[in-house]
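*Asks:* So the protein lines, in turn, are chains A and B.
The first sequence lines up with residues 1 to 294 when you count with UniProt numbering.
The second sequence lines up with residues 1 to 485 when you count with UniProt numbering.
Hints in this document: simulated from the structure, not taken from any laboratory.
Computed from a prediction, not measured in an experiment: that's the story for all the values here.
Treat each hint with caution, since some may be false.
[As the list claims (entries may be wrong)] Sample of chain A residues facing chain B (criterion: CB under 10 Å; computed from the structure):
no.	residue
1	W35
2	S147
3	T243
4	L290
5	G292
6	G293
Where a beta carbon is used, it is the ideal one built from N, C-alpha and C, also for glycine.
Chain by chain, the residues:
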Amino acid sequence: MSEHHKDIDQPTGVETTGHEWDGIKELNNPLPRWWLYIWYGTIAFSIGYMVVMPAIPALPGLGTNTRGLAGQSDRIAVAEQVESLRSQRSASGAALLTASLEEIETDRELQQFAMASGESAFGDNCATCHGAGGRGAKGYPTLADDSWLWSGTLEGIEYTLQHGIRHEEDADTRFSLMPAFGRDRLLERQQIDDVVNHVLSLSGREVDEAASKRGADIFAAQCASCHGANGTGDRTVGAPNLTDDIWVFGGEYRDVYNTVYNARNAHMPAWGERLDEATIKSLAVYVHSLGGGE
Amino acid sequence: MSRVTLITPKSPPPAPPPQDLYAKRKQIYPKLAHGKFRTVKWVAMAGMLGIYYLVPWLRWDRGAGVPDQAVLADFAGERFFFFGIEIWPQEAYYLAGLMILAALGLFLVTSLFGRVWCGYACPQTVWTDLYIWVERAFEGDRAARMRLDAKPVSFNKAWRKVGKHAVWLLIAFVTGGAFILYFHDAQMIAQTFFIGEAPLSAYWFAAILTGTTYALAGTMREQVCTYLCPWPRIQAALTDEHALNVTYRYDRGEPRGPHRKGESWEGRGDCIDCKQCVQVCPMGIDIRDGAQLECIHCALCIDACDEMMKKVERPTGLIAYDTDIAVARRAAGMPAQYRLIRARTVLYAALMVAIAVLMAWGLLNRGTFEVNVLKDRSPPYVRLSGGDVRNGYTLKLVNKSGEAREMSLEANGIDGLELEVIGLEATEAGRIFLPVAAHGVDRYRIFVTVPQETAGGRDHFTLLLQDTATGELHGNRTSFMAPGD
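Here chain A stands alone, though its shape is the one from the complex (with noise of 0.2 Å):
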């Protein structure tokens, strides 16, 4: 070692590596040791990590990644979590269980949790048809209005959630069937024309007042069992009422024409089957607390 004569660089004073580049040549400022001993430890780290966890990915005949001594996994981390938090909420969701609709409303704690877990469980469910906040689209009732179809009562909106709407599988679900007037050859196209006529002259709109009138007869033959003499609807059999201007299937005349014509029947799933009965109760709650509620 001693042979070898140091080259030191003048203006700074530092040993150089004997590296040299066209007259450049590296200094040798040498890292602290224990810094590579910490490079070291990292390597054992990784060494020992790759022992007691999952690290090595699925090879060829071996299925699946190796778990590793701790069989740590994510996939039944979270599982895990979910099933913990699912037993954490029963207990906020067995005073839900317990308590009635009106008692969940007027209980600010659990109106609180009700509306908090209504809120999420209608993003999941309900929002695709119903739309965020129950704004409703064409073919879907707006929720956050007074007026419905069935029931705007906290039970009435709880029965439809647990049951459905024309959800055939459900024994109990809410059921009417409007006859297609046009397709069903009820009534011919005329016919129709007047009948829409009347029914749109119900809510105030300018109609061609001697159809409207040909059409009154019409609507108290075919119609007025169900929507009633003066069109206010029959929530029994989930009748709209036909003199507010609030249209789900539109209102404009070609909407009503083919509401008549081919009938709308819409249908909505039986939610009972799906989610737990904690669950129903509070987006009955949270549905009712759109602006709806009655």
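For chain A, the structure is supplied; the task is to place chain B on it using the hints.
*Replies:* The following block gives chain B in isolation, referenced to the frame of chain A:
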């Protein structure tokens, strides 16, 4: 064909000498200094350690249901308490302001007096000082420690080493233990910690801080400042030739050389090359090489040098707080110049004052009650069967005070407007009373309905909240949407 011509050297370059790319740490044995800076450092150390260990035990009554610890970062409760000040998560800008203030303070002090932070106040320095004090108690001063380390293992060496490390670990544990007191109720955590009932995070952080304190102050010391800390690099940008740094006055000291009693001081410098400044240096450097990255400006070399200067009957201050420009000017035969008021110091001071005033103003004027009105975005409005238009809102009432409140709510600004709060009944006067819990946030769903005749396009109305006890009034103008233009 390549245009590059390779130059073949006449003789091959010499083989690089075998050398180590990694340097082993050289143990530094700082000698105990005596003098005014050493005294200042002892006092500063006692003060800062005292603050660190005692502050969590201070109490501050804030009423029921709220922690009574004077200084507490309550993560579970999402609050930061500092005596009479209670910071909510949305006010974290106060903490940011504090950080900015601290950074500017560091800049200002560095451009005035050099690395005062590093030399006196940095935890690394304070704890290293404490650890060296323990080391000295067990193994003696510099010379004794060097002798001891050179000796073979013996009972004498063993008990001193074991004792030293045991006390170091104890200090490390107390340091880590005190740290967690700032994040949980100190009395509660001190009781539950030793019976295994404290939160896991408390054990975790106590262990981490114990480990880092022992490693950084016991075994790594100057290596932390040289290799790990970014501040020595940053401070080079903050200091200039007018900053007061711990400086060897080469104008007075050179040429240096040993001096025998009775010899003349003519034609030579005052430095007698006794190397006391090197021996007391905790960083193991020679201050006479000039300003350098490793120097933490602890000023112990000043004490050591002054002591020697007194012995050889020369004026003290051969090493002193001085500026580069003053030394250079004296060396050139000009009078020294000191300029503490410079553009950068004025700027830092002005910024500090501005931020401090802004924060103080914000703290003094911040209300204890906040109203947030969040309008439903979906649906933006709902037409009711009667033709009226309704908008939904979420009302968030933030009560930062320790008293529960009752706020009366009314709304006006649009003709025929009607207000409804889910779950609450209105009085005949059209007012609704909303209870708001102390130290909390309450949320209410409200609906505002406007008749068909007055609704159209975007309109505005005012929600008026009044504290029924104090009469404190909060107005919130918010928008109402309806179909139309």
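*Asks:* Each of the hints needs a verdict: does it hold here or not?
*Replies:* Hint check:
1. W35: The hint holds - W35/A has a Cβ within 10 Å of chain B, the shortest such distance being about 7 Å.
2. S147: OK, holds: S147/A within 10 Å of chain B, min 4 Å.
3. T243: Holds, because the Cβ-Cβ distance from T243/A to chain B comes to roughly 8 Å (cut-off 10 Å).
4. L290: 7 Å, holds
5. G292: With a minimum Cβ separation of about 8 Å from chain B (threshold 10 Å), the hint on G292/A holds.
6. G293: 8 Å, holds
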